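*Asks:* Sequence:
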Amino acid sequence: GANRGIGLEFARQYAARGWQVIATARRPDEAGELKALRERHPNVTLERLDITDGAVVSALAARYQGRPVDLLINNAALLEGPDRQLLGKVDYELFSRTVAVNAMGPLRVTEAFLANVAASDRKTIVIMSSSAASHGLLRPPINYYPYRASKAALNMVGHELALDLKERGIRVAVVNPGLMDTRD
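According to the numbering used here, the sequence shown is numbered sequentially starting from 12.
If you're looking for bench data, these hints aren't it; they were derived computationally from the structure. Please read these numbers as outputs of a predicted model, since none were measured by experiment. Glycine included, C-beta positions come from ideal geometry on N, C-alpha and C. It is possible that part of the hints are untrue.
Here are the computed distance ranges between Cβ atoms for each label pair [stated by the list, open to error]:
1) Leu174 <-> Tyr75: 21 to 27 Å
2) Pro188 <-> Arg59: 23 to 29 Å
3) Lys100 <-> Trp30: 41 to 47 Å
4) Val101 <-> Ala27: 37 to 43 Å
5) Arg182 <-> Lys100: 35 to 41 Å
Computed cross-link-like contacts, EDC-like style, restricted to lysine to aspartate or glutamate with a CA-CA straight-line distance of at most 20 Å [as the list claims (entries may be wrong)]:
6) Lys46 <-> Glu58
7) Lys134 <-> Glu171
8) Lys177 <-> Asp102
9) Lys134 <-> Glu122
10) Lys134 <-> Asp81
11) Lys134 <-> Asp64
12) Lys100 <-> Asp81
13) Lys177 <-> Asp132
14) Lys177 <-> Asp81
15) Lys134 <-> Asp175
16) Lys46 <-> Asp61
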């Protein structure tokens, strides 16, 4: 999810610092700002990635097999408007898709690139969560059932990854950047 918002800003910041950045987007041809960043920084590679498609994730991981990844940022997310997320109006197809993107996708990507992270010096995985997943931050109520449930599941994925990977020296951080509007 590097084509806009916080993902794009991560790509900008790391590119400016000289890091080798593999920036991903579902539709890289439509990612104008990301393409412009790549033009300005030869250390940025733009890749197509749909984290809900296991074959696509595996193919990308195979392309980078043997290449260390110091920092893996799981940033992609899906948040649709409230009209399909409120009690009595829940769209269950949207619910499934939201869980697939927000919770299952980061786990899929982490599994696929785990050997790359393990081969690096920094060995760091960051998972972008949301305060919407917090039981303690329920005011004002957001009532986005699919989104909140998917981010709560993501937090548990991050927790489990941290426990499983600690002995391998891999750090996992679940980060809540706070409320931000990343829509254009």
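*Asks:* For this structure, which hints from the list above don't hold up?
*Replies:* Numbers 8, 11 and 12 - these are the hints that the structure violates, sorted from lowest upward.
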